[in-house]
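Line by line, the protein sequences give chains A and B. Residue 122 in this note's numbering is what sits at position 138 of the first sequence, and the numbering runs on without skipping anything. Residue 13 in this note's numbering is what sits at position 29 of the second sequence, and the numbering runs on without skipping anything.
Treat the hints with caution; some may be incorrect.
One copy or any two copies: either way a pair holds, since identical chains are not told apart in the list.
Below, a list of computed lysine-lysine pairs in the DSSO-like style, where the Cα atoms sit at most 27 Å apart [unchecked claim]:
id, residue 1, residue 2
1, Lys102, Lys86
2, Lys3, Lys122
3, Lys3, Lys86
4, Lys102, Lys87
5, Lys87, Lys3
6, Lys87, Lys26
7, Lys32, Lys87
Hints were generated in silico from the structure; no laboratory data involved. Quick caveat, the model's predicted, so the values are computed rather than measured.
There are 2 protein chains.
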Amino acid sequence: METVNHPTAEDMAVKVLLKSWTAQVARITDLVASLSDSDLQKEIAPGKNTGIYILGHLVAVHDALLPLLGFGSRLYSQELEQIFVKSPDKAGHTFPPVSELKKYWSEVNDVLLQHYNKLDFEAWLTRHEAVSPEDFAKEPHRNKLNVLISRTTHMSYHHGQLVLLKSKTQD
Amino acid sequence: METVNHPTAEDMAVKVLLKSWTAQVARITDLVASLSDSDLQKEIAPGKNTGIYILGHLVAVHDALLPLLGFGSRLYSQELEQIFVKSPDKAGHTFPPVSELKKYWSEVNDVLLQHYNKLDFEAWLTRHEAVSPEDFAKEPHRNKLNVLISRTTHMSYHHGQLVLLKSKTQD
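Isolated chain A (complex conformation) (with noise of 0.2 Å):
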């Protein structure tokens, strides 16, 4: 006889989840893909960031998720980090090319999926690596969860930034 899996409420949240996650991801891939080197050089409105500190304080952000879940080492230096989230835009760092930043953008989300498919809901719910044992006894909502919906909401908020770069667009 056939078993037939059916996911249980645990199982279909993570699906919801990550489905989410992997939505924001294609959208802002499709965007960029849809914008051109010198759109992408553009800021967002006047006298706010560009495009491209954008593309790279994404990329910057997804790379530190890795050691952040304890999913092993950064992919990129942590040079990106310095340029794209420690400085703000126009501090006169010279940035990647537009084309590397993408391929970063891709890697790095690739490899994310990769490790967030291994992990079960019971797992999404221990502690990341930027809090002790003894503080996550006390606080435990500081978990793996609350980080991947974190970066979900900060890829949206970045989304609707960058589509203003678009030179026909309602939003």
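Got chain A; can you put chain B on it based on the hints?
Positioned in the frame of chain A, the structure of chain B alone reads:
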């Protein structure tokens, strides 16, 4: 003997998701409170949506969550949806005053949160009202949790835009 209720992993997941929702609501509430009426009349970037349109859009989308999640009727007239969801900005509609929209934003989120707080993990995994029981049997990811996450990222998307109305920001 005193009994201590340890939250289950399921309770913790719901807590983390609701914290993310309420944090996004609070960020937008605080940001909007910090902007003057004339700031909100401005476009987020040249030729793009105005702040007041985005605020009205968020109110209308959140009001529509009441029937969508089976919590009851909308609080406000369906005209908000006509103006702020079905029509683009600058379509010639007269908008409610900013003070009214701020009041609506506060009210609708208060009512939503009261309903959210009554749902346990399993209830979040049940279908929303825009999917039939038959379709839900085939597509069980079309649940209330999915709607919650999708509207959380939706807020974040527009938060990234509204922040551009601040005169001095690094976002």
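Going down the list of hints, with the structure as the test:
1. Lys102 to Lys86: Result: close within a single copy only, 25 Å intra versus 43 Å inter.
2. Lys3 to Lys122: Classified as between; 17 Å across copies, 30 Å inside a copy.
3. Lys3 to Lys86: within (21 Å within a copy, 32 Å between copies)
4. Lys102 to Lys87: This pair counts as within: shortest intra-copy Cα distance 24 Å, inter-copy 45 Å.
5. Lys87 to Lys3: within (22 Å within a copy, 33 Å between copies)
6. Lys87 to Lys26: within (20 Å within a copy, 36 Å between copies)
7. Lys32 to Lys87: Within one copy, since 25 Å is at most 27 Å while 30 Å is not.
In the structure shown, no violation is registered for any of the earlier numbered hints.
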